[in-house]
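Trainee: In case you want the letters, here they are:
Number of protein chains: 4
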Amino acid sequence: MFVEKIKTPGLAQLSYVVGDGDRAAVVDPRRDVDVYIDISRREGAQITHILETHRNEDLISGASALAEITGATVLHGPNPAEPIAYAQTIREGEGLTLGNLGVSVLETPGHTDDSVSYVLHDRELGGEAIGVFTGDALFVGDVGRTDFYPDRPEEVAGLLFDSLQKLAALGDQAIIYPAHGAGSVCGAGMADREFSTIGTERQTNRMLRIEDRDEFIRRKTAEEHYQPPYFRLMEQMNTRGGNPASDPLAIKPLAIPDLKAGMDDGCQLVDVRSPESFAGAHIDGALSLPVGLVTTYGGWLLDPEDQLIIVADNLAQAREAEIHFSRIGYDRVAGAFTDGMAKWAAAGEPFESMATVSVSTVKERLGKPPENWVLLDVRKGEEFRGNAIDGARHIFLGHLPGQLAELDRDASYTVLCGSGMRAMVGGAVLRKAGWRNVDVFMGSMGAWTNTAE
Amino acid sequence: MFVEKIKTPGLAQLSYVVGDGDRAAVVDPRRDVDVYIDISRREGAQITHILETHRNEDLISGASALAEITGATVLHGPNPAEPIAYAQTIREGEGLTLGNLGVSVLETPGHTDDSVSYVLHDRELGGEAIGVFTGDALFVGDVGRTDFYPDRPEEVAGLLFDSLQKLAALGDQAIIYPAHGAGSVCGAGMADREFSTIGTERQTNRMLRIEDRDEFIRRKTAEEHYQPPYFRLMEQMNTRGGNPASDPLAIKPLAIPDLKAGMDDGCQLVDVRSPESFAGAHIDGALSLPVGLVTTYGGWLLDPEDQLIIVADNLAQAREAEIHFSRIGYDRVAGAFTDGMAKWAAAGEPFESMATVSVSTVKERLGKPPENWVLLDVRKGEEFRGNAIDGARHIFLGHLPGQLAELDRDASYTVLCGSGMRAMVGGAVLRKAGWRNVDVFMGSMGAWTNTAE
Amino acid sequence: MFVEKIKTPGLAQLSYVVGDGDRAAVVDPRRDVDVYIDISRREGAQITHILETHRNEDLISGASALAEITGATVLHGPNPAEPIAYAQTIREGEGLTLGNLGVSVLETPGHTDDSVSYVLHDRELGGEAIGVFTGDALFVGDVGRTDFYPDRPEEVAGLLFDSLQKLAALGDQAIIYPAHGAGSVCGAGMADREFSTIGTERQTNRMLRIEDRDEFIRRKTAEEHYQPPYFRLMEQMNTRGGNPASDPLAIKPLAIPDLKAGMDDGCQLVDVRSPESFAGAHIDGALSLPVGLVTTYGGWLLDPEDQLIIVADNLAQAREAEIHFSRIGYDRVAGAFTDGMAKWAAAGEPFESMATVSVSTVKERLGKPPENWVLLDVRKGEEFRGNAIDGARHIFLGHLPGQLAELDRDASYTVLCGSGMRAMVGGAVLRKAGWRNVDVFMGSMGAWTNTAE
Amino acid sequence: MFVEKIKTPGLAQLSYVVGDGDRAAVVDPRRDVDVYIDISRREGAQITHILETHRNEDLISGASALAEITGATVLHGPNPAEPIAYAQTIREGEGLTLGNLGVSVLETPGHTDDSVSYVLHDRELGGEAIGVFTGDALFVGDVGRTDFYPDRPEEVAGLLFDSLQKLAALGDQAIIYPAHGAGSVCGAGMADREFSTIGTERQTNRMLRIEDRDEFIRRKTAEEHYQPPYFRLMEQMNTRGGNPASDPLAIKPLAIPDLKAGMDDGCQLVDVRSPESFAGAHIDGALSLPVGLVTTYGGWLLDPEDQLIIVADNLAQAREAEIHFSRIGYDRVAGAFTDGMAKWAAAGEPFESMATVSVSTVKERLGKPPENWVLLDVRKGEEFRGNAIDGARHIFLGHLPGQLAELDRDASYTVLCGSGMRAMVGGAVLRKAGWRNVDVFMGSMGAWTNTAE
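Chains as they are written, first to last, in the numbering used here: chain A, 1 to 453; chain B, 1001 to 1453; chain C, 2001 to 2453; chain D, 3001 to 3453.
Please note that the accuracy of each hint is not assured.
[What the hints assert, rightly or not] DSS-like, lysine-lysine: derived pairs with alpha carbons at most 30 Å apart:
| no. | chain 1 | residue 1 | chain 2 | residue 2 |
| --- | --- | --- | --- | --- |
| 1 | A | K7 | D | K3343 |
| 2 | D | K3007 | D | K3166 |
| 3 | C | K2363 | B | K1343 |
| 4 | B | K1343 | B | K1260 |
Note that these hints are calculated values from the structure, not bench results.
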């Protein structure tokens, strides 16, 4: 009887292979499904079921792709917004067995109407629930967001409260297996801890500890969440069932003439190298999007209809970026340029750099502000409200392309975030839009805090 | 905050990498330590501590080897039989921190005098214990064996009872991380389940549920356990601290002349192929020991002073066998022969086969027993007592070499076990010792049970 | 400027990646094409051309699959039996360039009408030909077979003679890169050496040294070659262009009930384990076909329309067998059983063994032949004619299924080959057809020769 | 009979595994020897001999390490400067056999006194030499350098001439296998082609075509070669025999406090990231040395006694750099920092950037030179002499640390090379030495040439 967790970085999504003997199920698979098949084989088990806790909105489900390869049955809770073409509906009280492992369903709506949890029992030794896949209902240290039904915010928050009581009633001994970990956009306050139990959550989860339903609803409806535009795309694709992730061999290395031809054809350059590489030299018009930010900001800053060309240090990094893009449904990757900026420049092609400034320079400027200078903070609202530099202006990075009209094109800008990585992306967004007096605060709030007297 | 489990097959030993942020500890490392370093790097953490729950007797500890590579500090509980040269003593009430993870020590003697458990706390969110490394005190579905101090069996069983109460007091919410899983020789009744909590064990673990100390002592002292002779070797090596596992490149493929030279020099052939391969053709004098049985029976059937030559299907299998041997301190592997029996025979060399019989043949013989025929069951005592064929004689495979004197060399033998794998080993032991009328019951008790009317 | 050779075992087929700077071509790709893409990326080059030396008859070409992935142009010589749907025709005098590497075409018919050779020149340093891809015209130590046009044997042998003179005229300094190596069915006398030049071949290749055209024709038309029935399938597929090799994830591990269901559905079991494993225990009705023999004998012994189930030691071996099958167009692999015969038998299922005999037993039988006993040699005709045991009957293994009618079903058979591997296959063919008195001479001619006084 | 070439990038060193049947030899192994063992196993052969063509001066020989693992015999030519502790001497006329492959020795001094070539013969098919390992005597397109004996330049150049005649006499058909390819410091004019024969070299190698011994001596003694200071270290180590390359696990990831502690202890930071990353942000005092330049410039710019800390994009790149360092005997790598400059800056630590200029800026400056401005070209002398910008000053990068005294510390510098990569290294050397007005010409001569009208 085993449970193996698979972490998807960037999205902080968690999926699982669970099984006993020669039978296994996969819970909430991502689109690149090889990992699940590898694990099931290592364990000597066949994947007979795919369990979806809800229709995901932040990544493409691998359920239909995995079902096609393995012949497994996909199960999904009742009440989806639209029928899930590739899944059978499973309801509270129903269940399945995997060897001596019993799996039963608990309907736990609130995050979405179709959310269910899958409760594990040991059919041989008995006892109460040994574990539960909680989807986006209950996380380590937080609970699911409830902002997806703007017409009925109180109702769904109340539904989540009721669902949480069901989960809490499983008993302190039950291990929880949520669908996301710290860093996910699906809940702001998740703990960095990767393991927990109902008992530990009952002791430490500030939302689960709220006993009053109305108070819970008040707290949930006051939360602020961002909804990247690509969420709509995910929802559509996860209703229909998507094709598997594209072939890892399909990414094409581009020589300089190929790259230039692609640029002439209107491909968007996405530079997934480190912020300091982008600062040192990059191709004009490229968007900075370090590979670790692809899944979190790609859906805000890029059009899913665009043909993309990835600029990377090497093919392995380009391939990683392509996988990240494919997880959020961006499949139009025309190729990758990995020859480096020295070779690009040596071909006689023009390159750009992005000026960086240190914390001491920022302090100097704050002491004696340059004319028409804006210190632009692109972190999330909650980060900005938690700790900010006096005088900084805030626009969330994801909203920056849509709010450019509010910014004076002739002013000079110093962009900051937590460390400088998102600031470099923000700087690149400004530059692409025609702003020329832009620099990036390397170190950003980290440096600010760590050098405070 | 992460815990990652590493399973060592054969021994069913479990070790762990646990950490938070850029700090990690390894709990009960095995001798081939690369896996721990790989995991810590993937998590972006340095290994600063190595936590031993007790001095292992069933495998060589990798603590000193890992400490040498990483510079980590090795911690070990008080009261070892002999001082642990490479470790610092840690006592109840002491502890360490790994980022926001607090680790505190609970002395939990009984299995051994030096057994400790390591309790995990979340220093940021608070609450009770979130998990505990229980070593060989508490397993999923069972508790540790207490037969290592023959002079004071009741005392140590009582100590274990007290230790278990300490563990139970950590609260239902605490996840348990034991040092062994199902299949280990360190406890007979372990569940096949790989995850549990104090709460689930309190509900389902038949030994933990015993409330009466005397009753617990009675039950423990009545248990029967085997102690393979190599346990003594392990204990010695784990006091001194061993060298790391031998270089994976060091195994030498042997051509036929090399193999014959090795045989002339007195090397012991160990044939790690499947039982059916051994049955089909093998080199005379070879011991059958399918690779999955190396750690469990190698220590019973082979002399640690012997030079070994591994006969395998291919180098990967030979290498796997060599790693298994190294985990139990058998380092004298002179090389591997992987050319196959067809090539061996084609060189004009003599080969042997082992006759196999099916369940129908065994039933016929039982109906009308051949003269001087012995049906020999080599399973463990508890297996034999649970379900056996009427008329079968029982000698545990590990005891077979030592009890040959009790067997009539002129009788004919049909050897059986659970499926035929250990029976093939038993058959090979008899053959090596000069018995000629030997065959093996393929399918064994499995076939017997599955064809019962 | 690089040439990298890719050996395909079993078929002894050689393909190449050749290139300079950022441009590369692949010569005679096999169907599983990842290896070519990996090499071209490592070299920093794009594959712009795929060069076919002729329409292969012994394996499925990967040209169309590779062209689809890379966008490369496929080139093929003139005069194919049927138009090659996916290729452009290239003729003598035409060529292409890859960086500073010049590639020009030489029409070298004889083996097939559409055979061409691709000659390499260094465009920077000059000089004569630096190398040549000779396809199936010229091998190391032999020349191509000329038996594919039964209506005009002398004509095509003469064409090959003329083609060889063209190749010899390239000069002693030219390195040759043929399409097959020792062990291929495309030429019997190939040397085991993997590298040569026109100069070395002019000195040592017994066929290239023949100066008289008529003598050459006489020698070629007297050669005997086998044509496995699947060659027709290959020719058809290589005219149309095939799909790429099936997904490596697609092979399904089968539990015992799945295996039995497959057997009930008429799937053919193919046991790719070693001959000694098959001898020790196998499932009734399985064909023995050790993985190394899949490409050479699979096309003789199996029907391409059959659904196959692979019985293997483990999934890696099953996967290897599946790749071998896919190279010769056998794509109907329903799954693999890798649990081993002990587990099969323990489920109460019946198993079979195959008796083996040693050289001493064979000598005894020859001294005093048992009644109605046949010593059956299944090697190739040329092997049998070179060295055989007096009294042995010869039927080539590939012809055995078709010649069963000539054999007495009630006689007893001892099957032999070179070492025992093909003999085990032959024994399995007889058993499947209902012959019951069959054993296999392990060691076979190797043992016979090595124990001769 | 096979020959497999192993390319060592950076050094452009070529080593080989050659063998037949179950016997193989390795020619000129590098220090990280796993690759040779892997190849020999894949070919099913044991390494019985290690053949050194001469005592290498540009990398550490892996001969003694490989001999220890495999038990193989190391062979080395006569007349080394000092006795080779780990090798047996082999002389002209002597030889060995590997299956049907004959290997005979030709003494070919000139590059070094102890240089020999190993000639291959096919013992079965006969004929002339089929190939020859030429060491540093004969390359594709060039011959070995002869500047290692400053007391007797004409004599050794003459010896090389004589040796080349011996090699030429082997016949046009012989394939050559040299010890270096294009990019090596062991010969300036090597062709980029990786394969050749005596015949092709006789046609195209400008040095081999010289018929007059005196003319040859004149040409060789007029050549200019650089001798990095680490060559002396290599010579010493290759006399004694070195230990194997350090354990791949040994590189330690350093957190920021560890890094700072290392810097305080006087460790030298080596930044192996791309030049544009270094330009964007780097730690003050770090030397830029992109990973591909480690073996070619590490020996010029770093002290073998220094403790090094590698700054890299990730651990894989750090590990690659460590292997490169180990190949030239720099084993003192204390750890690696791979967290990136954003994290470094966010910790409040100071960072530096390096200004870059484009070709248009350089042209502007040349048109109207700034005061006290130096355009510094750090390429090799032969590159500078071949094509340079009017007014540029030349100092070879390897000589830069030793010639700083000649440069005005108060002038401003623009550093250039072929593409900008070595220029970034040169810029970092100046900065480390206290020069503050430094920028780097990205694109360098490539951009200059490609934008010329």
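Trainee: Each hint: holds or not?
Mentor: Status of each hint after checking the structure:
Straight-line distance between C-alpha atoms of K7/A and K3343/D comes to about 23 Å, which keeps the hinted pair within the 30 Å bound. Under the criterion of a C-alpha separation no larger than 30 Å, the hint pairing K3007/D with K3166/D is consistent with the structure, at around 26 Å. With a C-alpha separation of about 19 Å, the suggested pairing of K2363/C with K1343/B holds against the 30 Å cut-off. Under the criterion of a C-alpha separation no larger than 30 Å, the hint pairing K1343/B with K1260/B is consistent with the structure, at around 14 Å.
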